[in-house]
Amino acid sequence: MSKTHRTPPGTMLPAGELAARLEGMDAAEPREGPVMTWRERLWVVPPETRIGRDELLEAVSRQPSWLYRHTGSKAKCSRIPCRKLDGELVFLVGEVRTWLLAHEEMVVPARTEPLVVPIRRKA
1 MSKTHRTPPG
11 TMLPAGELAA
21 RLEGMDAAEP
31 REGPVMTWRE
41 RLWVVPPETR
51 IGRDELLEAV
61 SRQPSWLYRH
71 TGSKAKCSRI
81 PCRKLDGELV
91 FLVGEVRTWL
101 LAHEEMVVPA
111 RTEPLVVPIR
121 RKA
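No gaps in the numbering here: position 15 of the sequence shown is 15 in the numbering used here, and each next residue is one more.
For the record, the hints were derived by calculation from the structure and aren't laboratory data.
Mixed in with the good hints, there may be bad ones.
Computed spacing ranges between beta-carbons, pair by pair [to be verified]:
{"#": "1", "residue 1": "P114", "residue 2": "G87", "range": "33 to 41 Å"}
{"#": "2", "residue 1": "K84", "residue 2": "E40", "range": "20 to 28 Å"}
{"#": "3", "residue 1": "T37", "residue 2": "R79", "range": "34 to 42 Å"}
{"#": "4", "residue 1": "R62", "residue 2": "K84", "range": "15 to 23 Å"}
{"#": "5", "residue 1": "R111", "residue 2": "Q63", "range": "28 to 36 Å"}
Here a beta-carbon is modelled for each residue, glycine too, at the ideal position from N, C-alpha and C.
Construct the entire structure; sequences and hints are all you get.
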């Protein structure tokens with residue numbers, strides 16, 4: 001390691017040691033750390049992931065009545081793409097993402113350039 005580039009102790013491991021540590025881990029063993037809710041998972045799981053009513057409601061922070069207004073055959077608003085399996089609603093995450101992006105309303109547009117505030121100096 002060069003003297004100009006130092007990392008904190010323990011942040012770099014030789015490949016052999018890393019492989020030995022990984023071999024000793026059980027893949028089915030639960031990991032510690034924050035658990036992602038469907039609000040986060042909706043945007044990171046593969047698009048073909050199927051979720052149910054409860055997962056979708058958690059992801060969009062809505063009540064069941066909202067979901068039924070957007071999935072019912074008599075819906076007066078844009079319907080969320082869905083399927084039925086044994087009478088239960090099933091949603092493909094990729095289709096839900098597309099629907100959400102198409103139906104959200106921009107309230108405050110994002111800044112395209114960095115904000116530059118001039119500094120006023122006393123004369």
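Right, here's what the structure says about each hint:
no.: 1; hint: P114 <-> G87: 33 to 41 Å; in the structure: 52 Å, violated
no.: 2; hint: K84 <-> E40: 20 to 28 Å; in the structure: 27 Å, holds
no.: 3; hint: T37 <-> R79: 34 to 42 Å; in the structure: 25 Å, violated
no.: 4; hint: R62 <-> K84: 15 to 23 Å; in the structure: 20 Å, holds
no.: 5; hint: R111 <-> Q63: 28 to 36 Å; in the structure: 33 Å, holds
Checked against the numbered hints above, the structure breaks hints 1, 3 and satisfies the rest.
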